[in-house]
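Protein chains: 2
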Amino acid sequence: MSNFGCFDLRLVNAYRVAVDEARSAVKAGAVIEKAREFTTVAEAVADCSLVVGTTAIGNRELQHTLKRLETGGTGIRKHLAAGAPAAILFGSEKFGLSNDDMTHCDWLIRIPTREEHGSMNLGQAVAVTLYELIRNPRAVTATPRAKKAATSEQLERVTTLLLDALRHSGYVNEKTAASTEHKTRRLVKRMDLPGADVEALQGMLRQILWKFGQS
Amino acid sequence: MSNFGCFDLRLVNAYRVAVDEARSAVKAGAVIEKAREFTTVAEAVADCSLVVGTTAIGNRELQHTLKRLETGGTGIRKHLAAGAPAAILFGSEKFGLSNDDMTHCDWLIRIPTREEHGSMNLGQAVAVTLYELIRNPRAVTATPRAKKAATSEQLERVTTLLLDALRHSGYVNEKTAASTEHKTRRLVKRMDLPGADVEALQGMLRQILWKFGQS
Numbered sequence: 057m058s059n060f061g062c063f064d065l066r067l068v069n070a071y072r073v074a075v076d077e078a079r080s081a082v083k084a085g086a087v088i089e090k091a092r093e094f095t096t097v098a099e100a101v102a103d104c105s106l107v108v109g110t111t112a113i114g115n116r117e118l119q120h121t122l123k124r125l126e127t128g129g130t131g132i133r134k135h136l137a138a139g140a141p142a143a144i145l146f147g148s149e150k151f152g153l154s155n156d157d158m159t160h161c162d163w164l165i166r167i168p169t170r171e172e173h174g175s176m177n178l179g180q181a182v183a184v185t186l187y188e189l190i191r192n193p194r195a196v197t198a199t200p201r202a203k204k205a206a207t208s209e210q211l212e213r214v215t216t217l218l219l220d221a222l223r224h225s226g227y228v229n230e231k232t233a234a235s236t237e238h239k240t241r242r243l244v245k246r247m248d249l250p251g252a253d254v255e256a257l258q259g260m261l262r263q264i265l266w267k268f269g270q271s
Numbered sequence: 057m058s059n060f061g062c063f064d065l066r067l068v069n070a071y072r073v074a075v076d077e078a079r080s081a082v083k084a085g086a087v088i089e090k091a092r093e094f095t096t097v098a099e100a101v102a103d104c105s106l107v108v109g110t111t112a113i114g115n116r117e118l119q120h121t122l123k124r125l126e127t128g129g130t131g132i133r134k135h136l137a138a139g140a141p142a143a144i145l146f147g148s149e150k151f152g153l154s155n156d157d158m159t160h161c162d163w164l165i166r167i168p169t170r171e172e173h174g175s176m177n178l179g180q181a182v183a184v185t186l187y188e189l190i191r192n193p194r195a196v197t198a199t200p201r202a203k204k205a206a207t208s209e210q211l212e213r214v215t216t217l218l219l220d221a222l223r224h225s226g227y228v229n230e231k232t233a234a235s236t237e238h239k240t241r242r243l244v245k246r247m248d249l250p251g252a253d254v255e256a257l258q259g260m261l262r263q264i265l266w267k268f269g270q271s
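Residue numbers (the numbering used here), protein chains in the order written: chain A, 57 to 271; chain B, 57 to 271.
A couple of the hints might just be wrong.
Any copy will do: because identical chains look the same in the list, a pair fits if it lies in one copy or spans two.
To be verified - With a cut-off of at most 20 Å between alpha-carbon atoms, the simulated SDA-like pairs for lysine to any residue come out as follows:
| hint | residue 1 | residue 2 |
| --- | --- | --- |
| 1 | Lys245 | Arg166 |
| 2 | Lys134 | Asn192 |
| 3 | Lys204 | Ala74 |
| 4 | Lys83 | Ile144 |
| 5 | Lys245 | Phe268 |
| 6 | Lys245 | Ala221 |
| 7 | Lys90 | Val68 |
| 8 | Lys204 | Thr121 |
| 9 | Lys83 | Gly179 |
| 10 | Lys83 | Ser148 |
| 11 | Lys150 | Thr130 |
| 12 | Lys267 | Gly61 |
| 13 | Lys245 | Val68 |
| 14 | Lys150 | Ser58 |
| 15 | Lys204 | Gln119 |
| 16 | Lys83 | Gly174 |
| 17 | Lys204 | Trp163 |
| 18 | Lys83 | Gln180 |
| 19 | Lys134 | Arg194 |
| 20 | Lys134 | Glu212 |
| 21 | Lys231 | Val107 |
| 22 | Lys90 | Glu172 |
Think of the hints as simulated: they come from the structure by calculation, not from any bench.
Can you make the complete structure from the sequences, with help from the hints?
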């Protein structure tokens, strides 16, 4: 909840021992510290104008509209964007929401897990649901500081050094030397090297050539 | 992983005790049973043509392109759709991926957690990431078996019964009786009742009227 900026945790008939342990834990965050406890769902959602239940069940006999999280999330986002409070109701990990709990819900969402393994870990279900609410597909991508692409001159220096090394190593066959030169130049071009990498490559190749000169 | 149909778990230098415990647990699923162990990242991702790392870090000095999960997910989906194997690399919960681990990655993704609380529980981070890969915004919404809308005649019966009850209760003022009738009829119209609910409402109102008749 804290990861995704949701701070209003409300517990209904929570297991005493677990709550006390969580509250007194060293790493108890703001969310659990400020969590409020209720004895009924009705009290917990009293001030919310939208109550959405969660279920692992696919298409069992439905009393409620059941939306996949992807589409249901849009409805919840719209509600929140209008400044209206919304509650998302999660059942216990073992039994989920009871039919009685569900009568407090406007509609239900289902995380699109596969049919053979529908039921999720509670913490993971909460994380996935809240992620859907905050995800922003128009978010930008951060790229490392703009790489200055290598110039043709720099690339040609790499090609020359590489060809030198290949010749010294015996890779170049005299008959096909011209073809090898062309192949090598195109190969270096395709590497799409930034200028800084050209420097590094030149250093490596010069060292190799120096070693060839030694022997 | 199993919830979202991902079965190929590969562990690198996993903590022996934790792995053995997980494997021998009663509820150990197919994923953990078939998990393979490696001693280096290089071996673990050897057969993958895309390796995406995960990080909690925002805009620290980047050596890699860093995409938010929403946009990065698209890239991974495309790669998989082309039948090519992709690996998603998660670091340990405490330290994340090391710089050395990251050199095996083509680029990085970041779950868009808030800045003040960036680091996530590992299981939750995996769940959120895999959900992003399988989410399908064009999924349809299941609605309860088509409700047959109430006919005007049925609605009028409800209105009549409700007005009877209101009269018996003393709610209707003689001077404004006509206005109250109109208000009540419009109110019932707005309820958008399905036929089955009309029956139930009629039953309730008849019972109320019966009780009024008794007293």
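Going back to the hint list, which numbers does this structure go against?
Per hint list: 1, 3, 4, 5, 11, 12, 13, 20, 21 violated.
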